[in-house]
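Colleague: Here is how the chains run, residue by residue.
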Amino acid sequence: AQSVTQLDSHVSVSEGTPVLLRCNYSSSYSPSLFWYVQHPNKGLQLLLKYTSAATLVKGINGFEAEFKKSETSFHLTKPSAHMSDAAEYFCVVREYGNKLVFGAGTILRVKS
Amino acid sequence: DVKVTQSSRYLVKRTGEKVFLECVQDMDHENMFWYRQDPGLGLRLIYFSYDVKMKEKGDIPEGYSVSREKKERFSLILESASTNQTSMYLCASSTPSTSGGKQYFGPGTRLTVT
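Here the protein sequences line up with chains C and B, keeping their order.
Numbering of the first sequence is given in our numbering, commencing with residue 1 and proceeding in unit increments.
Numbering of the second sequence is given in our numbering, commencing with residue 1 and proceeding in unit increments.
Extracted from the complex, chain C is given alone in its bound form:
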């Protein structure tokens, strides 16, 4: 079975500083990986996805993630945090049959 581990349950950054949300995956074959974001009292929104094309994936709102097979990682980054980035972020791997396996989530706090 595939799985993902989000290494931090909470991350706090100051506005304008870089964001790094860490995710490691476990998969027996080349995975499809996603990052979703959930703002307070809002639905889940797809930020970006990796499906074995370019290893550096650009998403919405200035986020990007790099697939590193040697490190089994798929960390999410953004050069400069904005207050509106405060939300919960989920790293996700897709299993057979289009099932998604979610990480436990990382709550991002952005300080002014």
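None of these hints come from the bench; they were simulated from the model.
Note that the coordinates shown come from a computational prediction; the quantities given were computed from them, not determined experimentally.
Derived pair list, reagent style DSBU-like, types lysine-lysine, alpha-carbon separation capped at 35 angstroms:
hint, chain 1, residue 1, chain 2, residue 2
1, B, 57, C, 58
2, C, 99, B, 3
3, B, 57, C, 69
4, B, 57, C, 49
5, C, 49, B, 71
6, C, 58, B, 3
7, B, 102, C, 58
8, C, 69, C, 58
9, B, 70, C, 99
10, B, 55, C, 42
Assemble chain B onto chain C, guided by the hints.
Modeller: Same frame as chain C, now just chain B:
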């Protein structure tokens, strides 16, 4: 724009009641899913369905059942609600894996069992 709707945003039920959570999608997707979301645990898959009248257990099916009589509708049933089923329930539908497999989520139903 794909729309996934859930019948209620908030629901309060008593222990032992039978609870129905409804989900409807308007994109003719074959695949539909029910998850529950709990703090610190992310989303966990309860049941999913590939087509009408087809269903498969996810990772935590105990205490739940589902019904898919029509393609656009996927219902989650709590046969006898218990307090440990207090949670946020999210429905999703998706395109086939061969066309990207993007999942579209509903707004969620926050269920409280007292």
